[in-house]
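J.: What follows is the residue order along each chain.
Protein chains: 2
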Amino acid sequence: MSAPAASPPVTDPTLARLSLNQRTTASWTLREAIDGCRAAGLSSIGVWREQLAEAGLDQAVGWLADAGLRVSTLCRGGFFTASDPAAIEAAHAENVRALDEAAAIGAATLCLVPGGLPSGDRDLPAARRRAAEAIERLVPHARRVGVSLGIEPMNPIYAADRGVVSTLGQALDIAEPYAVEEVGVVLDTFHVWWDPDLEAQIARAGRRIHSYQVCDWITPLPADTLLARGMMGDGHIDFATIGGWVRDAGYTGDIEVEIFNADVWATPGDEVLATLSARYRELIQPYA
Amino acid sequence: MSAPAASPPVTDPTLARLSLNQRTTASWTLREAIDGCRAAGLSSIGVWREQLAEAGLDQAVGWLADAGLRVSTLCRGGFFTASDPAAIEAAHAENVRALDEAAAIGAATLCLVPGGLPSGDRDLPAARRRAAEAIERLVPHARRVGVSLGIEPMNPIYAADRGVVSTLGQALDIAEPYAVEEVGVVLDTFHVWWDPDLEAQIARAGRRIHSYQVCDWITPLPADTLLARGMMGDGHIDFATIGGWVRDAGYTGDIEVEIFNADVWATPGDEVLATLSARYRELIQPYA
Chain V
1 MSAPAASPPV TDPTLARLSL NQRTTASWTL REAIDGCRAA GLSSIGVWRE
51 QLAEAGLDQA VGWLADAGLR VSTLCRGGFF TASDPAAIEA AHAENVRALD
101 EAAAIGAATL CLVPGGLPSG DRDLPAARRR AAEAIERLVP HARRVGVSLG
151 IEPMNPIYAA DRGVVSTLGQ ALDIAEPYAV EEVGVVLDTF HVWWDPDLEA
201 QIARAGRRIH SYQVCDWITP LPADTLLARG MMGDGHIDFA TIGGWVRDAG
251 YTGDIEVEIF NADVWATPGD EVLATLSARY RELIQPYA
Chain Z
1 MSAPAASPPV TDPTLARLSL NQRTTASWTL REAIDGCRAA GLSSIGVWRE
51 QLAEAGLDQA VGWLADAGLR VSTLCRGGFF TASDPAAIEA AHAENVRALD
101 EAAAIGAATL CLVPGGLPSG DRDLPAARRR AAEAIERLVP HARRVGVSLG
151 IEPMNPIYAA DRGVVSTLGQ ALDIAEPYAV EEVGVVLDTF HVWWDPDLEA
201 QIARAGRRIH SYQVCDWITP LPADTLLARG MMGDGHIDFA TIGGWVRDAG
251 YTGDIEVEIF NADVWATPGD EVLATLSARY RELIQPYA
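From first to last, the protein sequence lines are chains V and Z.
The letter at position 133 of the first sequence is residue 133 when you use UniProt numbering, and the numbering goes up by one with no holes.
The letter at position 180 of the second sequence is residue 180 when you use UniProt numbering, and the numbering goes up by one with no holes.
Some hints here could point you the wrong way.
Calculated Cβ distances over 10 Å to all of chain V for the following chain Z residues [said to hold, decoys possible]:
{"hint": "1", "residue": "LEU15"}
{"hint": "2", "residue": "ARG31"}
{"hint": "3", "residue": "GLU89"}
{"hint": "4", "residue": "HIS92"}
{"hint": "5", "residue": "ARG122"}
{"hint": "6", "residue": "ARG128"}
{"hint": "7", "residue": "ARG143"}
{"hint": "8", "residue": "THR219"}
{"hint": "9", "residue": "ALA274"}
Listed next, the stretches of chain Z that the computed footprint assigns to chain V, with coverage defined by at least 3 CB atoms under 8 Å from CB atoms of chain V [to be verified]:
{"hint": "10", "segment": "165 to 171"}
{"hint": "11", "segment": "230 to 239"}
{"hint": "12", "segment": "259 to 271"}
Simulated from the structure, these hints should not be mistaken for laboratory data.
Just so it is clear, the structure is predicted and the values come from calculations on it, not from any experiment.
A virtual CB, placed ideally from N, CA and C, is assigned to each residue, including glycine.
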């Protein structure tokens with residue numbers, strides 16, 4: 001938390017592709033997260049819209065530029081499975097704003113969390129169709145501002161209430177009608193590690209992998225499923241194998257660590273960064 | 001809890017295919033569950049090995065015959081993903097015993113819960129291969145005693161610690177080398193409802209559906225993921241659509257209600273049976 005904004009960042013070559021997704025240090029403001037990344041030798045950050053709004057867009061743009069940090073993704077757009085027309089329009093407008101913000105801070109990709117079933121609605125195929133339609137409608141604006149749409153397939157644990165796109169294959173089915181640089185996928189190990197078809201789908205994805213995010217699947221699963229993710233190495237995911245598949249698919253971008261976990265959030269941010277950097281060097285970087 | 005064992009069961013034609021999986025009334029002994037089914041007008045039961053052992057096999061055989069109940073399944077075999085040879089042998093022997101018990105009580109199918117990753121082991125594909133090998137080895141004994149093996153694909157939420165077979169398609173890949181009446185699948189809505197490929201895989205399954213089990217996916221998910229299942233109608237699953245697919249696949253067997261849920265377990269069994277019978281009439285039977 002100490003590096004002044006004007007000094008050159010002290011980057012570590014083994015961490016060259018490591019990006020701190022802000023959600024991992026949820027208690028930090030954007031300013032604190034930027035300083036934390038610099039102090040820890042990181043050169044990339046995944047920014048969240050909530051903290052971006054707190055900081056103010058213009059100020060954030062200046063901070064990020066001064067710090068010399070890449071912005072790996074902006075999190076997050078999406079939540080466009082509503083069925084009533086007014087809510088559909090509101091979600092579209094919100095995603096347009098998110099794309100504009102992503103362009104302003106230089107994020108290559110806007111992460112799209114599709115959203116769940118509307119209250120009382122049990123028609124999962126229809127919600128999936130609405131997600132695909134909403135993405136189709138966003139493509140022209142995304143193209144205009146030069147930000148890619150990254151569809152994030154989500155673990156089936158969230159199919160009802162958060163993300164109706166449940167597999168990488170399904171996300172690619174939605175993405176493939178569009179240019180590879182315009183619509184891709186956000187691949188998060190927590191969401192996809194269990195998929196028996198994962199190797200084939202990662203190979204199919206190729207350059208459509210617009211973001212690779214890592215965290216672990218831990219058991220017993222914490223009581224709040226939204227905060228159920230673990231630090232790499234604390235759970236059951238084989239990062240070497242999955243990381244190798246992602247590498248072989250041609251992915252050379254940043255690798256974000258995104259951990260939603262109450263214990264991680266209760267730990268001082270610089271300690272979290274020290275731990276995740278060590279785990280990244282041991283479990284992720286050698287296979288990337 | 002009142003019908004004496006010797007009286008003819010009072011069955012209800014709208015409940016003709018409804019089976020009480022004993023796990024739904026976890027506090028009941030087998031004797032109580034048999035009496036509960038008769039009092040509620042059910043003619044089928046899914047038996048658990050723990051309660052069967054308590055009752056004693058010979059006594060249970062007599063009770064079930066006297067009550068005139070069909071045994072839709074015996075739950076459960078499986079848990080054969082261990083990697084060390086002694087544990088593999090022990091699991092095989094235990095599954096042979098389970099098949100013998102299933103034959104003795106007249107259960108058509110032994111439900112197989114594959115098991116999770118061994119402690120500290122992150123090789124999911126290898127665990128899946130061991131599950132397939134263990135099933136291959138069980139087939140001759142299953143054939144000999146006339147009980148089918150029902151592979152239960154499990155929601156990915158359990159991939160690490162309970163069931164490495166995560167999709168219906170994957171279960172069918174394991175089953176298809178064998179005769180359709182010898183190795184099939186146990187289709188539980190809780191485990192498969194989210195699958196984008198579900199309609200196609202149910203059609204592919206056809207007569208390999210050896211058991212159809214129903215319960216709901218509720219949110220927020222209860223803190224203990226093993227007790228996270230809801231009563232049909234309390235959650236997000238579209239039973240009409242999935243039930244129609246199962247019907248169209250040719251399934252005419254019993255439909256088990258299997259609910260692991262602390263609140264359900266704290267409710268008197270006869271109240272649980274009254275509720276599930278009403279929900280079955282409303283949400284399941286019309287589409288079966």
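J.: Compare the structure with each hint and give your call.
T.: Status of the hints after comparison with the structure:
no. : hint       : verdict
1   : LEU15      : holds, 23 Å
2   : ARG31      : holds, 33 Å
3   : GLU89      : holds, 25 Å
4   : HIS92      : holds, 24 Å
5   : ARG122     : violated, 4 Å
6   : ARG128     : violated, 7 Å
7   : ARG143     : holds, 27 Å
8   : THR219     : violated, 5 Å
9   : ALA274     : holds, 24 Å
10  : 165 to 171 : holds (count 4)
11  : 230 to 239 : holds (count 4)
12  : 259 to 271 : violated (count 0)
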